[in-house]
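Participant: Spelled out from the first residue to the last, the chains are:
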Amino acid sequence: MPLPAINRKEMLNSVLNSYSQVFFSGSKLLAVLLIIISFFDYGAGIGGLLAVLVANTLAWGLGYNRYFISTGLYGYNALLVGLGVGLFYQPSPEVFLLIGIAAVVTFFITIVFQGVLYKYGLPFLSIPFLFGIWIVALSGSDLSALNISERGIYTYNELYSIGGQSFVNFYDFLENNIRSSFIRIYFHSLGAIFFQSHLLAGIIISIGLLIYSRITFVLSLLGFTVAYLFYHIVGIEFNSLGYTFIGFNYILTAIALGGYYLIPGRVSYAWIILMLPAVVLVTTSTQQIFLLLRISAYSLPFNIVVLMFLYALKLREKRPRKLMETPVQLGNPEKNLYLYSGNLKRFPAAFPVSASLPFFGEWTVSQGHSGEYTHKGQWKHAWDFVITDRNGQQFKGSGDYHEDYFCFGKAVVAPFDGTVVEAVNHVEDNTIGDVNTRENWGNTVIIQHNDILYAKLSHLKYHSLEVKVGDQVKKGQILGRCGNSGRSPYPHLHFQFQATPYIGSLTLDYPFGNYLLKQKNGFTLKSFDFPEKDVVVVNPIKNETLAKALHFIPGQRIKVNVEVDSAKSKWENMTGEYSWMVQTDVYNNTFLQCEKDDGIAYLYNNDELHYFTNFTGTRYSPLYWFFIALFKVPTGFLPNSKIQDTIPVNLMFSGPLQFLQDFVAPVYLFLNTDYQLTMKDAGDILSSGDLEMGASISKNILGKSVRSYEIGVRINTESQIEINVIFNEAKIKLICQNELESL
Amino acid sequence: MEKLAYEKPVISKITAGVPNKFGLPTKLKTISAIDGIAVEKLMQEYGSPVFVISEKTIRETYADAKQAFETRYPKVQFAWSYKTNYLDAVCSIFHDEGSWAEVVSAFEFEKALSLGVNGSNIIFNGPEKSADDLKLAINNNACIHIDHFDELYLLIKVTRELNKKARVAIRINLDAGIYPIWDRFGFNYENGEAWNAINRIMLAENLDLIGLHTHIGTYIMSANAYAIAASKLANLYMATHRKFDHWLKYIDLGGGFASKNTLKGAYMPGTETCPSFDEYAEAISNALISSEIPHENLPVLFLETGRALIDDAGYLLTTVLANKRSTHGRRTMVIDAGVNLLFTSFWYNLGIYPTRDLSSHVEESTIYGPLCMNIDVIRDAINFPQVKTGEKLVIERVGAYNMTQWMQFITFRPNVVLIDLDGQPHIIRKKEELASLQNFEQNPKR
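Chains as they are written, first to last, in our numbering: chain U, 1 to 743; chain D, 1001 to 1446.
Among the hints, erroneous ones may be present.
Stated by the list, open to error - Simulated pairs of lysine-lysine, DSS-like, Cα-Cα distance not exceeding 25 Å:
| no. | chain 1 | residue 1 | chain 2 | residue 2 |
| --- | --- | --- | --- | --- |
| 1 | U | 518 | D | 1075 |
| 2 | U | 542 | U | 475 |
| 3 | U | 542 | D | 1075 |
| 4 | D | 1075 | U | 520 |
| 5 | U | 548 | D | 1075 |
| 6 | U | 396 | D | 1056 |
| 7 | U | 733 | U | 568 |
| 8 | U | 596 | U | 9 |
| 9 | U | 642 | D | 1075 |
| 10 | D | 1388 | D | 1324 |
| 11 | D | 1029 | U | 396 |
| 12 | U | 518 | D | 1056 |
If you are wondering where the hints come from, they were derived from the structure by calculation, not from laboratory data.
Predicted model, so just to flag it, every value in this text is computed and none were measured.
The following block holds chain U by itself, in its conformation from the complex (with noise of 0.2 Å):
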């Protein structure tokens, strides 16, 4: 088999991102700034960037995922082995001979980490580079045609041959006006995780990680605070950390666990306050054991903690609130918090399954969660579910019997597709009023959707039952009639979601897919969210029309026309015409690519809802325009139904305000965006007629709209989309027509 064409872009990538992936990022300012760095000593500069060549053209060449590869993922473990080789010998061929082969060594071992660990759903961290540098240190005193460096003994030479008596002069003057300790360890530290022992290492990579990532230097000083506060107050001597490859621990393990596996925020900077004492602690005792071994324990302590920690977290029942694992890695702590804190609930891996309201048409919550009558401790998250008449009445007539009450016999359907684990038939209908606490449930259906969620519906009619235990069902489907068994005085629908297969299994804390909520003036759509009592609530019909205009396919090219109407040329330059293209990557992340300026707007369609998730390129891109209008567009819309979204920070604002933002962002959002889509005009039931959406926007500083914009969206039954926004400097028009439509 040919290997697979390796193009420069690439290749420079896999290069580059071999170096930020240290510090978890994706930076090529960081990556330039690194490999500056490791090459103030040649040797192991040239060492790092040996292994980074040999363990990415391994990859390459055995073929193995070619994303992992340009990410840099197969490569910065065997640099980390590369630096600290190249560091600790005199330079010479058999020194780099014994960088390739560690290297090659390192990334077999990263791979079949990453086979392993991956299973658990954890990355592999710098384990690899551990036994790298383990293999190579513990063989160290065999290996005798090597010469132990002597390099790091005489800084200033060293310093000289690289920028002369200038930079010899800058040196000193950061060596004799930085004086804190503490000041002094940060930098030693950050510098020691590139093997570099001197200050200015040290602050060129804190400044490259502000530049990269406000929280991360936010977080790479707080876990090393907090460590040196827990030094000082359980009596550690503190300045051995200066010269040993450990204080880097404790600030990887900020970066790592404070924002990069999880999303950023109060709770999980206060998780960092707390396990940095444990890292502490941990290495303390490793430090111990290597020392019979001569041999450093390096980064242990912190993929030990971070791997424990991720892992826990995973194993985790109860829908988390706080602590959320990053649902979309986008490798940058502040993208992620963004992406995020816009609304969970954009993340299908957040809810798995998209419930619908088990019923046809409108029905009224007639108690919801943490209900006043029988929804109270475990039982508390479940709803009851009436018909009621406009006057707000369950019945006509008197009341006093079955067929009176609206909900009576009418269709229970299933919520989700399914199995049908339970199913109860036999209980009687209670007289109105009475109730059957023995048969407590009454009627009952419960269907299996995954592993740990179930739906239970209950007090259905007497032998009204459509299904048995074992069907598969749709959703949809009908499983039987509302009837009033068990502890049911009146008709009703009990519905809950429960983790386990049994009648009378605790409620879980589960929410509904996509509803319509009644409201004085129409509809707006509620996504994976919990209906209150006495609200009235109602599935949403799919609109065809609206289905398949944005129903993008894979391959599919869309041709846009862009018509500016402005006095500022930068969006003047917009007009023309582009044509973007549909793609889909390894991960199944269906995107738009524009194929003149390059711009990446990330997609997501569960068939009930269309969203972007993301947008990489410029902001005088039609593409962006296109993703900012419709942002989040529901399928199944009604007239004058509306939906509320915000749009990540990061796709709207810029420069010196986000850059403030970005440092309090875990803390307090300042700035935001508000989307609001309205339905002006929603075709008709047989999707026969064009559609009209009006998207609002606004963007906030402390509340206060600063800015906004008013787009028009009109899609006709031919599936071209046009939109027209209109804000203070420009009007911009774009046509889109999917390539096959208009030919």
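With the hints as your guide, set chain D onto chain U.
Facilitator: Chain D only, in chain U's frame:
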């Protein structure tokens, strides 16, 4: 003490003691006000006779019907049957509630368009559609319900001429287990004609078959007949999918739901015997849902209910003109509203009520209209108390068909008044006058 009204002596059978099959002495219902406005006041202002329509009743009845179906079936759409009552104000209320328009002529089609109904939300029914009518429908993207093969051929010709696609459905007649079987409209189900029509349409280039339609009859007192009709259409729906891999979009069960009026010859009153919306909805929804159609492909259910949605909302206010005795000694009464206004009096024993409590002594009477024409009988036989001339009476449940099938015969047609949701009356059709009629006439010069 007020002076008692003089009543002519009447000899009638004693009904005291054990109630016989005629029940206890009659206590006649009275209708003194409509939506809070006194009948007396309405007649003072708008004359006699006068039609009064209650917007509140229309909207409430519509909400009942909608809820009955929507809580039983996932996708329901009502289409307002124009011929039942096509006064602009009435149609507008139904459109405001979300109804489509169901029309059976170019006149009704244009009326719907003039009310702002989107052409694609008009269902064009009926056996009479000229080439021009079809062009109008195609250009407006309406749903054309084909009635017979000749119409189909004409439609194919017209679409070729226009080089446009037409959205079509077929009207199907079938045996729903009731009598009479309406086989004069549409293609027959049982003899395969309907299936034949579907095949021809599916193969026609410019026709997009989107639905199946039936209308089993009028004033159907058995909800089960609809269930039979629905399952027969469901069979065709599935057969079309199997053969052509094409999911039709809707099944239209037409109209025919009974109102609460009492048919002539019925033993029990209509209020007791006619099925409710719930019963019709239960029968139809169950039939469709339990058919072979997979639930995710269930068609939209269209209903062209007319009478049952509007009958209750209409009243005719009238005045007693004279009391008479026939040669047989039977009491008769002449009122100022005749069959020229009350076409439905040929079908129903209309409910006629006084506006105030009158004597409990009733006598079988005949009520005549004012026309100088022997057929003008509003009620053959009704137990009614003695009333004086000038007494105001209310005829209820006259919202359907009367305001479309009325005749300009002998006299003018009266005001039609709508009482809106705020209880305010509005004239929605003015009383005719000489000029309005002579307008159309041309008198050749001699």
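Participant: Against this structure, judge whether each hint is valid.
Facilitator: Hint check results:
1. U:518 <-> D:1075: holds, 17 Å
2. U:542 <-> U:475: Given pair residue 542 of chain U, residue 475 of chain U holds - Cα atoms ~14 Å apart, limit 25 Å.
3. U:542 <-> D:1075: Holds, at roughly 10 Å.
4. D:1075 <-> U:520: Between residue 1075 of chain D and residue 520 of chain U the Cα gap is close to 22 Å, so the pair holds against 25 Å.
5. U:548 <-> D:1075: holds, 19 Å
6. U:396 <-> D:1056: holds, 18 Å
7. U:733 <-> U:568: holds, 15 Å
8. U:596 <-> U:9: holds, 18 Å
9. U:642 <-> D:1075: holds, 21 Å
10. D:1388 <-> D:1324: This hinted pair holds, its Cα atoms lying about 11 Å apart.
11. D:1029 <-> U:396: Given pair residue 1029 of chain D, residue 396 of chain U holds - Cα atoms ~22 Å apart, limit 25 Å.
12. U:518 <-> D:1056: holds, 21 Å
Violated hints are absent here; each numbered hint is respected by the structure.
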